[in-house]
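There are 2 protein chains.
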Amino acid sequence: MQEFEKNKLNRVKRGANRAVYDKEHINTILDAGFLCYVGYIYDGYPITIPMAYARKDDKIYLHGSTANRMLLSILEAEKTSITVMHLDALVLARSGLHHSVNYRSATLFGHCKKVVDDNEKAAILEQIVDTMVPNHWQSLRPMYQKELDRTIVVEFTIETASAKIRNEGVNDELEDYELPIWAGLIPIKQVALPPISDDKLLDGIEIPQHILNYYQSHK
Amino acid sequence: MQEFEKNKLNRVKRGANRAVYDKEHINTILDAGFLCYVGYIYDGYPITIPMAYARKDDKIYLHGSTANRMLLSILEAEKTSITVMHLDALVLARSGLHHSVNYRSATLFGHCKKVVDDNEKAAILEQIVDTMVPNHWQSLRPMYQKELDRTIVVEFTIETASAKIRNEGVNDELEDYELPIWAGLIPIKQVALPPISDDKLLDGIEIPQHILNYYQSHK
Numbered sequence: 002m003q004e005f006e007k008n009k010l011n012r013v014k015r016g017a018n019r020a021v022y023d024k025e026h027i028n029t030i031l032d033a034g035f036l037c038y039v040g041y042i043y044d045g046y047p048i049t050i051p052m053a054y055a056r057k058d059d060k061i062y063l064h065g066s067t068a069n070r071m072l073l074s075i076l077e078a079e080k081t082s083i084t085v086m087h088l089d090a091l092v093l094a095r096s097g098l099h100h101s102v103n104y105r106s107a108t109l110f111g112h113c114k115k116v117v118d119d120n121e122k123a124a125i126l127e128q129i130v131d132t133m134v135p136n137h138w139q140s141l142r143p144m145y146q147k148e149l150d151r152t153i154v155v156e157f158t159i160e161t162a163s164a165k166i167r168n169e170g171v172n173d174e175l176e177d178y179e180l181p182i183w184a185g186l187i188p189i190k191q192v193a194l195p196p197i198s199d200d201k202l203l204d205g206i207e208i209p210q211h212i213l214n215y216y217q218s219h220k
Numbered sequence: 002m003q004e005f006e007k008n009k010l011n012r013v014k015r016g017a018n019r020a021v022y023d024k025e026h027i028n029t030i031l032d033a034g035f036l037c038y039v040g041y042i043y044d045g046y047p048i049t050i051p052m053a054y055a056r057k058d059d060k061i062y063l064h065g066s067t068a069n070r071m072l073l074s075i076l077e078a079e080k081t082s083i084t085v086m087h088l089d090a091l092v093l094a095r096s097g098l099h100h101s102v103n104y105r106s107a108t109l110f111g112h113c114k115k116v117v118d119d120n121e122k123a124a125i126l127e128q129i130v131d132t133m134v135p136n137h138w139q140s141l142r143p144m145y146q147k148e149l150d151r152t153i154v155v156e157f158t159i160e161t162a163s164a165k166i167r168n169e170g171v172n173d174e175l176e177d178y179e180l181p182i183w184a185g186l187i188p189i190k191q192v193a194l195p196p197i198s199d200d201k202l203l204d205g206i207e208i209p210q211h212i213l214n215y216y217q218s219h220k
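In order, the protein sequence lines correspond to chains A and B. Going by this note's numbering, 21 is the number at position 20 of the first sequence; the sequence numbering is gapless. Going by this note's numbering, 200 is the number at position 199 of the second sequence; the sequence numbering is gapless.
Take the hints with a grain of salt, since some may be wrong.
Copies of the same chain look alike in the list, so a pair counts if it works inside one copy or between any two.
Claimed, not checked - Taking lysine-lysine and the DSS-like style, the derived pairs with C-alpha atoms no more than 25 angstroms apart in a straight line are: (1) K147 x K14; (2) K114 x K14; (3) K115 x K14; (4) K147 x K80; (5) K80 x K220.
Hints were generated in silico from the structure; no laboratory data involved.
Next up, chain A with everything else stripped away, as it sits in the complex:
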């Protein structure tokens, strides 16, 4: 089991019993999603932007327009942090204090650089689309060079990271279990609804199998 070394950046202080530094566990959290929250600093403010991503080994890839303020800013700073969170349940205790949520979150710290090789950029854009919907890229119109030229791809190398996971029931004060108060969990899940075909499809174009598979596995 490979772990990130704990330092002042990634050491979890509050709820340290929920902290995870194991790379495989953190990668499982990252690979369960396709939307991350990227931080950048502008005019002294820390600003958070939701972005699509893909992971390969210890790299997270982001992309956007060549004028994207956030991407240009993290490239200039050469570092940032990225957070991914999945909400799993509302935890409703007998007292307000013990209310919580079940979740899986990871915070990554690392450095950023621009990907300049066109073949590498193209492969990463393919991976970002396929992270959103598996096996989707091969069904699309091939990318034009001018589209590639209009896109920045940023490679973020994970230097250190931590995750926090809460995956349990209600934890109330011992004496509160005697109270006639309901407590429990409400599980929360992000689901897909049935795909809606574009109005302007050519006649005879059916919803492809990989899209139906996505819906079946996310409904």
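Got chain A sorted already, so can you dock chain B onto it with the hints?
Below, chain B alone, put in the same frame as chain A:
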């Protein structure tokens, strides 16, 4: 219609046609959720932390332990930004470039201060719980003074803000509509599953009506 004045902080550059500065519209996005992403700066890194929140007028309230590094940091900096995002659909175009998501997001900029009055703190904690699950606080064991003392409540005043909304179908290149490629939306929704009562409930305690109502309106 009250709008936030556009300045360099909140002006949306990329996808400016999707930008919204209208306060009522932004409040609708904020009131549709209970989890926000708060930025803070630590050791030069912008770090993003997911947090529960409640809104009242132009204030966003956060809370946490008196040792919470993020809350202490934004109180010291006296300012931060907060992002809320709701994902509504995957937008699957005929080309990779036009892939997108439908979403509603708001980014708020403002200043922070600690709430010190106990009555005000208690009312805010009640509102944070009721923002997660409406009408829930009244069913709980009353809060102890020592619990209030262990909790920091931060008041964030929205000084400026912007929202971005995408709520439409696929927008492909004109010539790509002739291609025999499927395109469309996969709607995405966050849902609640049936409540799971705590194993240790006293005999005869049923799931309360407000919890059943929550499930019915979020399933």
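To see whether the hints hold, each was checked on the structure:
1. For the homomeric pair K147 and K14, the shortest alpha-carbon distance between copies (21 angstroms) is at most 25 angstroms, but the shortest distance inside one copy (47 angstroms) is not.
2. Taking the shortest alpha-carbon separations for K114 and K14, only the inter-copy value of 22 angstroms comes in at or below 25 angstroms, while the best intra-copy value is 30 angstroms.
3. In this assembly of identical chains, K115 and K14 lie within 25 angstroms of each other by CA distance solely across copies; the values are 21 angstroms between and 33 angstroms within a copy.
4. In this assembly of identical chains, K147 and K80 lie within 25 angstroms of each other by CA distance neither inside one copy nor across copies; the values are 28 angstroms within and 41 angstroms between.
5. In the homo-oligomer, the alpha carbons of K80 and K220 never lie at most 25 angstroms apart, since the shortest distance is 37 angstroms inside one protomer and 40 angstroms across protomers.
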